[in-house]
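K.L.:
The chain contents come next:
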Amino acid sequence: MGELKLMKGNEALAEAAIRAGADAYFGYPITPQSEVIEYLMAEKPWERTGMVVLQAESEVAAINMVYGAAGAGKKVMTSSSSPGISLKQEGLSYIAGSELPCVYANVVRGGPGLGTIQPSQADYFQSTKGGGHGDYRQIVLAPASVQEMSDFVKLGFELAFKYRIAVLILSDGVIGQMMEKVELFDPIPRMTDEEITAKYPWATTGKKKGTQRRIITSLDLDSHKMEEHNHHLQEKYRIISENEVRYELIDCDDAEYIFVAYGSSARIAQKAVQLARAKGIKAGLFRLISLFPFPGKEMAALCKKGVKGWLAVEMSAGQMVEDVMLSVKGCAKVGHFGRYGGIVHSPEEVLHAMEEKIIGE
Amino acid sequence: MTEEMIIAGFGGQGVLSMGKILAYSGIMQDQEVSWMPSYGPEMRGGTANVVVIVSDERISSPVLTVFDTAIILNQQSMDKFEKSVKPGGVLIYDPNGITHHPERKDIIIYQIEGARLASEMGNAKIFNMVVLGAYLKVKPVVQVENVIKGLKKSLPERYHKLIPMNEDALNMGMNNVVKLN
Amino acid sequence: MSTVTLEDIIKPENLVYKKTDLMTDKSLSYCPGCGHGTAHRITMEVLEELGLDEITIGVAPVGCSVLAYEFMNIDMTQAAHGRAPAVATGIKRVWPEKIVFTYQGDGDLAAIGTAETIHACNRGEKIVIIFVNNGIYGMTGGQMAPTTLPGMKSSTSPYGREVEMMGNPLKITELVAQLPGTYFVTRQAVHTPAAVRKAKKAIKKAFENQRDKKPGLSFVEIVSNCNSGWKMTPTDANKWMEDNMFPFYPLGDIKTDGQLLK
Ligand SMILES: Cc1ncc(C[n+]2csc(CCOP(=O)(O)OP(=O)(O)O)c2C)c(N)n1
Ligand code: SF4
Ligand SMILES: [Mg+2]
Chain U
1 MGELKLMKGN
11 EALAEAAIRA
21 GADAYFGYPI
31 TPQSEVIEYL
41 MAEKPWERTG
51 MVVLQAESEV
61 AAINMVYGAA
71 GAGKKVMTSS
81 SSPGISLKQE
91 GLSYIAGSEL
101 PCVYANVVRG
111 GPGLGTIQPS
121 QADYFQSTKG
131 GGHGDYRQIV
141 LAPASVQEMS
151 DFVKLGFELA
161 FKYRIAVLIL
171 SDGVIGQMME
181 KVELFDPIPR
191 MTDEEITAKY
201 PWATTGKKKG
211 TQRRIITSLD
221 LDSHKMEEHN
231 HHLQEKYRII
241 SENEVRYELI
251 DCDDAEYIFV
261 AYGSSARIAQ
271 KAVQLARAKG
281 IKAGLFRLIS
291 LFPFPGKEMA
301 ALCKKGVKGW
311 LAVEMSAGQM
321 VEDVMLSVKG
331 CAKVGHFGRY
341 GGIVHSPEEV
351 LHAMEEKIIG
361 E
Chain Z
362 MTEEMIIAGF
372 GGQGVLSMGK
382 ILAYSGIMQD
392 QEVSWMPSYG
402 PEMRGGTANV
412 VVIVSDERIS
422 SPVLTVFDTA
432 IILNQQSMDK
442 FEKSVKPGGV
452 LIYDPNGITH
462 HPERKDIIIY
472 QIEGARLASE
482 MGNAKIFNMV
492 VLGAYLKVKP
502 VVQVENVIKG
512 LKKSLPERYH
522 KLIPMNEDAL
532 NMGMNNVVKL
542 N
Chain D
543 MSTVTLEDII
553 KPENLVYKKT
563 DLMTDKSLSY
573 CPGCGHGTAH
583 RITMEVLEEL
593 GLDEITIGVA
603 PVGCSVLAYE
613 FMNIDMTQAA
623 HGRAPAVATG
633 IKRVWPEKIV
643 FTYQGDGDLA
653 AIGTAETIHA
663 CNRGEKIVII
673 FVNNGIYGMT
683 GGQMAPTTLP
693 GMKSSTSPYG
703 REVEMMGNPL
713 KITELVAQLP
723 GTYFVTRQAV
733 HTPAAVRKAK
743 KAIKKAFENQ
753 RDKKPGLSFV
763 EIVSNCNSGW
773 KMTPTDANKW
783 MEDNMFPFYP
793 LGDIKTDGQL
803 LK
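Chains as they are written, first to last, in the working numbering: chain U, 1 to 361; chain Z, 362 to 542; chain D, 543 to 804.
The set of hints was computed from the structure by calculation and includes no laboratory data. Misleading hints may appear alongside valid ones.
Unchecked claim - To spell it out: a stretch of chain Z is covered by chain U in this simulated footprint if at least three of its residues, at any positions, have a beta carbon under 8 Å from a beta carbon of chain U; those stretches are: (1) 365 to 372; (2) 416 to 423; (3) 457 to 467.
Claimed, not checked - Within a straight-line C-alpha distance of at most 30 Å, the following computed DSS-like cross-link-like pairs (lysine-lysine) qualify: (4) U:K297 with U:K333; (5) Z:K486 with U:K5; (6) Z:K444 with U:K279; (7) D:K804 with D:K568; (8) U:K225 with D:K560; (9) Z:K498 with Z:K514; (10) U:K304 with U:K279; (11) D:K755 with U:K208; (12) U:K154 with D:K640; (13) D:K560 with D:K747; (14) U:K44 with D:K755; (15) U:K209 with D:K804; (16) U:K279 with U:K209; (17) U:K5 with Z:K444; (18) U:K129 with U:K154; (19) D:K804 with U:K208; (20) D:K561 with D:K740; (21) U:K44 with Z:K500; (22) Z:K500 with Z:K514; (23) D:K804 with D:K561; (24) U:K308 with U:K329; (25) D:K755 with D:K640; (26) D:K568 with U:K209; (27) D:K755 with D:K804; (28) D:K773 with D:K804; (29) Z:K441 with U:K279; (30) D:K561 with U:K209; (31) D:K561 with D:K695; (32) Z:K540 with Z:K486; (33) U:K208 with D:K561; (34) D:K781 with U:K208; (35) U:K279 with Z:K447; (36) Z:K500 with U:K5; (37) Z:K466 with Z:K540; (38) D:K755 with U:K209.
Ideal Cβ placement from N, Cα and C applies to all residues, glycine included.
Chain U with its partners taken away, still in its complex shape (with noise of 0.2 Å):
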């Protein structure tokens, strides 16, 4: 068994960056997710691991590090809350045409704007559905404890370099501020430079004469190679589609109401499952855990078992729902819950939701 703590997800996301053997992290503070630096700062883990962090300028400054750093072929990762994560987004457009490997969190807050700083659900479209210009996708898992965004960290990782894709943890005050205990994985040790030169043959790491030089771009001016380029992205997220749906089931086998949710609002729905249960109501949960990929399918399979109703629920003014209902149109009814601008509804009310929209009638 790994080491026990308790820690803020925050924390847990920042002790998880240095035992996964990340080489940088660039970021830059805004509430709430200033602790993943200054847990960093406080670390200083450039003398326990040699991992480089930097306070960058700027969101856009730190995302466009990562870019730098990923392109030579190094481990990286950068963090930030909704305005900040707006701002990384032609930098992250950059990374998905270059296929580069990062890592990457949101602790959202509410928007839109400056909005607040209190938990928000509201940037599943932008982390979903792109976020930036152009046509791609990254892959977003949604931790639901203080675990999650420890495990995710090094997962995210794998994932990353497995597809040469950014990986998004999708977060959110809850998550990254509540204190949970941790069981920290073991400490994963930065790979040499030697090793990322003979690993990653796309790194820019100085030409060899006599070897192919290589370039980290995004651009080409002939549009059929870059339709051809495109062609190629959408063939990795089909696969990525295929091999990466990551979800679970809590007491759904018999369940007639079920809510869909992920991160936060999971937690609350599955207290929701517990009280509706004490009142005989078949309730049931679908976490999300990727919501890119959506497990859509799994959802339409499920609903198929004699499902009558589907209750999404989310800090947001409905914007998973759309999927949901794309994945289950036609099978059972859907409706949406969500109390948002950075208030975090109660188990209570999510149960009240599921009675009067999907039950009700």
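Given chain U's structure and the hints, the job is docking chains Z and D with the ligands onto it.
P.N.:
Below, chains Z and D with the ligands without anything else, positioned relative to chain U:
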């Protein structure tokens, strides 16, 4: 066993760290715990609160609106959270600075004069440990030995000399909590 | 009289100039007379002469030189508009033993990327910045740049830059020279053989500073023409540059060995 509780008071009263010590003690006895603070500008000088859950099972929602126990340490928090105690639940409060005392009849109400006792002990900083002692007397969700074990694990070595004083404060709280109804 | 054929001329013993292998064989996409090509070439020659090419990673900007990676025969990363100093920071921080440089235009470096430029300079990143100032946005068709001179015409200042309304030209090189993080700051040109020799010496010094781990960033501005953007012939453009750009952007070293010269 699942204990869902809130500790609410002013920033600076040690509300968040009291919750942390409780959570840490839960880990020491192999329980599941969660600690969800209020965060942001609300904390600065204003009110601070933290929801702590200690359970034998996997914890579902870390965010709650009703509680088995509320520990209330200022008037604003009393106004906000007296109504959030489940019927049959427990409310523990320090009367210091309280002008409107709790009135509910369907909950059990305790008083602990934490501020007075801590200053009598000559250290206002152990206030939160006095209150924690009172709570553990009423609700022994974690054993005192595990609180001490948790303190030892979570505090840097240089603070370990303060542990006996914290233990005294816990005992002071346990011995002085008063049931009002 | 015998006729001289090409074969007669192209012989090893007649070789007077050889293109460095660090420039690819791809023909340059720049307008004839543009300074970018020369600036590329001397940068690559310096890397070759210093024997640093195998450990160098270059960062290309967005601007006419976006395709620098097509011409510079080394490992390169193409950065988003203005972000090259941040991208270079990322690379240098994780590969401190490599040589890292950016190559940027004035719009890229002194408008959209001002924050990245100033902060990379101020942090004293151990990188080289080569800054080609042509007083205009060449790539997008000759719009006003932060460096466009007062009264100078561009497609977005068709009656000349009116300072009152459009603001003043930015001498960012003088500005970064004030920062403690810069070690070497100089302004050069590449419009005459003599200027090219000087510019090359400056670029060499910049890379030597990085190689020798000198404390700070080396910043080389090259004032250049953009004959297309300025709507002049290459010769007129160079003349205009000497008469108008150089008085405003005087050539020469501004800071050497971490010391301001004036
Ligand atoms: C975010 C963004 N905004 C605008 C552009 C359009 N754009 C491309 S190059 C350029 C100006 C380049 O000027 P400069 O840096 O001076 O380079 P030059 O072409 O003159 O060498 C602009 C505005 C872009 N590519 N990206
Ligand atoms: S447009 Fe100007 S800067 Fe661009 S290649 Fe032509 S002359 Fe050079
Ligand atoms: Mg220009």
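K.L.:
For every hint, state whether the structure bears it out.
P.N.:
To see whether the hints hold, each was checked on the structure:
1. 365 to 372: violated (count 0)
2. 416 to 423: holds (count 4)
3. 457 to 467: With 0 residues close enough to chain U, the hint is violated.
4. U:K297 with U:K333: With Cα atoms ~17 Å apart, K297 (chain U) and K333 (chain U) stay inside 30 Å; holds.
5. Z:K486 with U:K5: Satisfied, since the Cα-Cα distance of roughly 25 Å is no more than 30 Å.
6. Z:K444 with U:K279: holds (23 Å)
7. D:K804 with D:K568: violated (42 Å)
8. U:K225 with D:K560: Given pair K225 (chain U), K560 (chain D) is violated - Cα atoms ~33 Å apart, limit 30 Å.
9. Z:K498 with Z:K514: Cα-Cα ~23 Å, so holds.
10. U:K304 with U:K279: Holds: K304 (chain U) and K279 (chain U) sit about 24 Å apart, inside 30 Å.
11. D:K755 with U:K208: Cα-Cα ~22 Å, so holds.
12. U:K154 with D:K640: Given pair K154 (chain U), K640 (chain D) holds - Cα atoms ~28 Å apart, limit 30 Å.
13. D:K560 with D:K747: Satisfied, since the Cα-Cα distance of roughly 22 Å is no more than 30 Å.
14. U:K44 with D:K755: holds (23 Å)
15. U:K209 with D:K804: violated (43 Å)
16. U:K279 with U:K209: Not OK: K279 (chain U) and K209 (chain U) at ~74 Å, beyond 30 Å, violated.
17. U:K5 with Z:K444: Violated, at roughly 34 Å.
18. U:K129 with U:K154: Since the Cα atoms of K129 (chain U) and K154 (chain U) sit roughly 24 Å apart, the hinted pair holds (cutoff 30 Å).
19. D:K804 with U:K208: Given pair K804 (chain D), K208 (chain U) is violated - Cα atoms ~42 Å apart, limit 30 Å.
20. D:K561 with D:K740: holds (19 Å)
21. U:K44 with Z:K500: Outside the cut-off at roughly 40 Å; violated.
22. Z:K500 with Z:K514: holds (23 Å)
23. D:K804 with D:K561: The hint is violated at about 38 Å.
24. U:K308 with U:K329: holds (12 Å)
25. D:K755 with D:K640: Answer holds: K755 (chain D) to K640 (chain D) is near 11 Å, not above 30 Å.
26. D:K568 with U:K209: holds (18 Å)
27. D:K755 with D:K804: Within the cut-off at roughly 25 Å; holds.
28. D:K773 with D:K804: violated (35 Å)
29. Z:K441 with U:K279: Distance of about 28 Å is within 30 Å: holds.
30. D:K561 with U:K209: Between K561 (chain D) and K209 (chain U) the Cα gap is close to 16 Å, so the pair holds against 30 Å.
31. D:K561 with D:K695: Violated, because 36 Å separates the two Cα atoms, which is more than 30 Å.
32. Z:K540 with Z:K486: OK: K540 (chain Z) and K486 (chain Z) at ~25 Å, within 30 Å.
33. U:K208 with D:K561: Holds, at about 19 Å.
34. D:K781 with U:K208: Violated, because 41 Å separates the two Cα atoms, which is more than 30 Å.
35. U:K279 with Z:K447: holds (17 Å)
36. Z:K500 with U:K5: holds (24 Å)
37. Z:K466 with Z:K540: holds (13 Å)
38. D:K755 with U:K209: Distance of about 24 Å is within 30 Å: holds.
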